[in-house]
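Asks: Sequence:
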Amino acid sequence: MTKLRCDSAKGRTLAPQRPNAGVEAAYRKALTDLVEEMAASVDYWVKANYRKIEPQVAQDASPASVLQGIMNKLTARWRTRFNEVADELARRFVRQAQGHADRQLSLDLQRNGFAIKFKPTQAMKQTAALSAAENVTLIKSIPEQYLSQIEGAVMRSALAGGDLGTLTADLKQRYGITHRRAAFIARDQNRKVGEAMTRTRQMGLGITEAIWQHSHGGKHPRESHVKAGRDKLRYRLDKGAYIDGQWIFPGSEPNCRCVSKPIIPGFDD
Numbered sequence: 001m002t003k004l005r006c007d008s009a010k011g012r013t014l015a016p017q018r019p020n021a022g023v024e025a026a027y028r029k030a031l032t033d034l035v036e037e038m039a040a041s042v043d044y045w046v047k048a049n050y051r052k053i054e055p056q057v058a059q060d061a062s063p064a065s066v067l068q069g070i071m072n073k074l075t076a077r078w079r080t081r082f083n084e085v086a087d088e089l090a091r092r093f094v095r096q097a098q099g100h101a102d103r104q105l106s107l108d109l110q111r112n113g114f115a116i117k118f119k120p121t122q123a124m125k126q127t128a129a130l131s132a133a134e135n136v137t138l139i140k141s142i143p144e145q146y147l148s149q150i151e152g153a154v155m156r157s158a159l160a161g162g163d164l165g166t167l168t169a170d171l172k173q174r175y176g177i178t179h180r181r182a183a184f185i186a187r188d189q190n191r192k193v194g195e196a197m198t199r200t201r202q203m204g205l206g207i208t209e210a211i212w213q214h215s216h217g218g219k220h221p222r223e224s225h226v227k228a229g230r231d232k233l234r235y236r237l238d239k240g241a242y243i244d245g246q247w248i249f250p251g252s253e254p255n256c257r258c259v260s261k262p263i264i265p266g267f268d269d
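Take 1 as the starting number for the sequence shown in UniProt numbering and just add one per residue.
Bear in mind the hints are in silico, worked out from the structure with no lab data behind them. Think of the CB as a built atom: it goes at the ideal place given N, C-alpha and C, for glycine as much as any other residue. Hints may contain errors.
Said to hold, decoys possible - Derived DEER-like restraints, expressed as beta-carbon distance ranges: (1) A30 to Q246: 24 to 34 Å; (2) D163 to K239: 51 to 61 Å; (3) I116 to G152: 48 to 58 Å; (4) I116 to E144: 41 to 51 Å; (5) Q246 to L130: 12 to 22 Å; (6) K52 to D102: 49 to 59 Å; (7) M155 to P55: 14 to 24 Å; (8) D163 to F184: 56 to 66 Å; (9) A26 to F114: 23 to 33 Å.
Could you build all of it, start to finish, from the sequences and the hints given here?
Replies: Right, dumping it as structure tokens:
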């Protein structure tokens, strides 16, 4: 791969690379559709069986064993469903994120006078594989957390002699939490994967440093990130910026919208 050098002694900065809203939207829809499908199934079977045994709930604990059996079946079913789709869903998302990152970087390089045709590299393959593996784990964690919470709610209600109305409200709340978590995974991973792909490409081009740029977005910005942007903090792409006692990259922290401005080395570098 060509190693970039610009005709300036001090080098030149490229524009920040930003995540693609369309890639995030597609991933979010895929995840939330699965969550909605799972929640509808759980809601139907839990309520149908709870309704049958509700008169007994306040009298003895035997209905709890029936509900436990239902939850065991639902957990097995939806764990299998998510496991079946996790790998392909994660790989498709990573391919889309990589495609956007490559196109955005290529266009910016063209605007700066560099015509680069990207090719598959071992470093990019490794970044893609690691990104996909992380997303497979996150996808599989969705039913694990949700169904564990649902099982706890159902069993507590049965043992306490709770009514179906109260349990229904609890089921709705748990669904909302899981739906928001799926959306967060899509948003958070879209930033992280895009940043990792772009950074890998940049290092392959001989770019070693970047400048931290704060997004100026969000209701509660991290002061340390604001300061890094104000100071135009320069950091190494292979190491990250040392902020709040750890080495991080823009967008790597939850809800961080910061970006980087990569520096093409000059002839003095």
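Asks: Of all the hints given earlier, name the ones this structure violates by number, lowest first.
Replies: When the structure is compared with the hints, only number 8 turns out to be violated.
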